[in-house]
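Okay, here's what each chain looks like letter by letter:
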Amino acid sequence: QKEVEQNSGPLSVPEGAIASLNCTYSDRGSQSFFWYRQYSGKSPELIMFIYSNGDKEDGRFTAQLNKASQYVSLLIRDSQPSDSATYLCAVNINNNDMRFGAGTRLTVKP
Amino acid sequence: EAQVTQNPRYLITVTGKKLTVTCSQNMNHEYMSWYRQDPGLGLRQIYYSMNVEVTDKGDVPEGYKVSRKEKRNFPLILESPSPNQTSLYFCASSWGAAGELFFGEGSRLTVL
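If you're matching them up, the sequences are chains W and X in order. This note's numbering puts the first sequence at residues 648 to 757. This note's numbering puts the second sequence at residues 258 to 369.
Think of the hints as simulated: they come from the structure by calculation, not from any bench. Predicted model, so just to flag it, every value in this text is computed and none were measured. Careful, some of the hints might be misleading.
[Claimed, not checked] Ranges between beta-carbon positions, derived for each pair: (1) X/T272 <-> W/S716: 41 to 49 Å; (2) W/D674 <-> X/N341: 26 to 34 Å; (3) X/L268 <-> W/Q678: 18 to 26 Å; (4) W/P728 <-> X/T272: 18 to 26 Å.
[Stated by the list, open to error] Which residues of chain X face chain W? A partial, calculated answer using Cβ under 10 Å: (5) P265; (6) T279; (7) Q294; (8) G297; (9) G299; (10) G315; (11) F347; (12) W352; (13) F359; (14) G361.
By construction, the Cβ of each residue, glycine as well, lies at the ideal position given by its N, Cα and C atoms.
All chains, full assembly: derive it from the sequences and hints.
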């Protein structure tokens with residue numbers, strides 16, 4: 648079992664819809680969770696981080712964490728074509744290193 | 258401007274010819290790390306460093322070396338590159354292992 652798993656997609660949503668991206672992780676001791684966005688040919692950039700169970704909102708983005716289910720998600724409301732990218736889930740393992748999922752490719756169609 | 262700088266950005270080399278990819282950050286970060294990114298596999302950690310003179314292996318360290326003699330620099334060394342090391346490489350830095358990672362622009366390496 649991979650330490651961090653994501654559906655590779657592609658996930659396609661129409662402009663204005665909610666995009667839901669999911670991630671599961673295997674290490675129950677993980678404490679910090681991150682979502683990075685990576686445009687084609689570019690480096691990853693941080694969108695959200697979350698440490699506590701529940702929801703964390705930042706503009707059109709909401710990160711959701713459920714440690715009991717070992718599940719973290721990212722919701723993008725009012726999706727825009729500029730949101731089309733690959734979204735990487737990252738989980739801090741043992742406070743020593745960051746493990747990444749393979750990424751979910753999102754396409755927002757005008 | 259806060260940044261992580263990698264060089265070279267693009268490199269084509271041949272099997273066995275030693276090469277070094279440099280990485281430098283200007284944010285005074287203690288933590289630095291190297292990743293390789295391959296289609297369908299996401300970012301896999303090669304080596305990381307918690308501080309000067311402290312380095313440790315990540316998931317895929319075979320065929321790579323690193324050093325951390327200064328806080329700002331963390332070069333990645335391929336002593337004898339092989340075609341399976343053809344990949345996109347990212348250097349990243351952070352205040353700590355649990356913090357936001359700041360990535361360099363990436364170095365695309367092709368080994369023939």
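Structure versus earlier hints - violations, ascending order:
3, 4, 5, 6 and 12
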